[in-house]
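Protein chains in written order, with our numbering: chain A, 387 to 674; chain B, 11 to 312.
Any given hint might turn out to be false.
The following label-pair restraints were derived from C-beta to C-beta distances [stated by the list, open to error]:
hint : chain 1 : residue 1 : chain 2 : residue 2 : range
1    : B       : R207      : A       : I504      : 26 to 34 Å
2    : A       : S455      : B       : A221      : 54 to 62 Å
3    : B       : D203      : A       : I504      : 19 to 27 Å
I should point out that these hints are in silico values taken from the structure, not numbers from a laboratory.
Remember, it's a predicted structure, so these values are computed and weren't measured experimentally.
Think of the CB as a built atom: it goes at the ideal place given N, C-alpha and C, for glycine as much as any other residue.
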Amino acid sequence: MTKRPKQAAPGPLEYLRRWPLQAWLVMVTVFLYAPLLTLMAFSFNDSKRNIVWKGFTLKYYEKVLQNESLLTAFGNSLTIAAICTLVSVILGAMTALLLWRFRFGGKTVLDGAMALPIVVPEICMGVAMLVFFAKVMPWPGGLPWPLNLGAIIISHISFSFPFVAVVVRARMASFNRELEEAAKDLGAGEWMTIRDVIIPHMQPSLVAGALLAFTLSLDDFVITFFTSGPDTVTFPVKVYSMVRFSVTPEVNAASTILIVLTVILTALALRFQGTDAVAGGHAPDPKA
Amino acid sequence: MEQSWRKAKSVFALVLGPPLFWLVLFFLIPLAIVWVYSFGTNIGLTQIAFTGTFSNYVRAIEPLYVGIFIKSVGVAALTTGLCIVLGFPVALAITFAPDKLKAWLILLIMLPFWTNLLIRTYALIAVLRDEGYVNMTLNWLWTHAGGLMSFAGLKPLGDFVPLQLLHNNFAVVFGLVYVHLPFMVLPLYSALDRLDRSLLEASLDLGAGHARTMLQIVAPLALPGIASGILITFIPALGAYLTPDLLGGPDSQMIANIIERQFKRANDWPFGAALSFLLMYMTFIAIALQSVLAKRSAGPKA
């Protein structure tokens, strides 16, 4: 917080310049960040017991980089997130276009059904996927990578694409229909209008939606926990099994890598989108 | 300004087909199967007979499970309440911050939210466990205070007993608040940001204090935003699995943990299915309540 001690007293609504609110903000920030920052700091700590600071080391990062199963899990997570993002953006954009543009019977029902994956508790969706892939559509075992990740990818797409649809639809609300009419007047057909007028307008929200889908997929533990098998472990599932045993600097190191990756992704989002991509794209408010 | 689907059938078919196919096959059908299972009976290890029985639901109203349901609702409500208390001043600060600072403050709140849930939970374990940072700090203070007291001629304090901060209900609520706070701040902020500031100024001019302005002017006007913040926090908190699993103790089981156990360890899928649908119904009730509230508060204005 910038200190401006010799200024006039804060105006009636300048709440940010009042000390109780500043103190509160600092407290909340400490609450949110202290655990993560200490976690990152202690990944460099040269002590197995992870309690007292014994000196700087990178050996836990070396360990992480030599940990085959952790690296495989990390690769799996990134692959799943990438494929899930691609498919979710396509499906989400289609859904948004459908619900934004067309009038048809059963639209309200479909609209509600599309909101279901957003509101249904993760655990319910997890068990539904478990049952589905156990009884209805058993995912064949022993497929070559990355096909063996199919079940996880499918379930990730199922909960990601409605989020993308919400983001894209919000963007389409600001579309000027006259542009479309102009395109049609100038002789563009339905397809050409979509390609040259509507999709360019959608574009920022497609990027925001993609980032959202990527994070949702990378972040998911519960649903993956129910769909992953012994050969298809993702990073969160792997970390979960490590955490169950103990708190080790190795987990700290692996977590730090992922946190840094998250920060880089967020910075990229900011670069391309401004803060809207971070905040606007991430307000999961289906009602809004 | 929507157009009828008949005017552009091929486009309509293309944008309807794939999402509908995906939603039905990979979401609605799996849920429907779970729903059917909830009326089934286990016969043998992997066989489930669809007997149309309600016994799974009857079993769910045994005191043990009702207790867990009530407890889960209580924990989620407490979490939501604490998130409002913690988050409201933050949302207020963001709302009335200068534009440039505003963006950074939003980022400050959102960044932990983008971080992996498992990592955040793990970070809390490291903070709260017996050898965690909180207990270490307390231990240090204790020892030094003990030294100081014996120096002053008083009886020294006994050995430091670490506070039991992990594996109990406190840790679960702490963890849920930690995880869900950003969920609350954003809708609160977007509601506060839409407020007509002259109303606040008028209230302050006319002699109401800040607290009274908040309670009597801001809170009622921001009610829809507060309601959606409550919903967005309450629903995931109610269905939380990871936080009670990793931070909770034997008595901190929430609904999701019981469901997981039926599917993975107890191998009683029909009962687990019934419990998941009960959880889903509770979620829907919460959503319905919120939309009724939103409609009512929007009503007089319209």
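Okay, the hints, checked on the actual structure:
1. B:R207 to A:I504: 26 to 34 Å: Because 32 Å falls inside the window, the suggested range holds.
2. A:S455 to B:A221: 54 to 62 Å: holds, 55 Å
3. B:D203 to A:I504: 19 to 27 Å: holds, 23 Å
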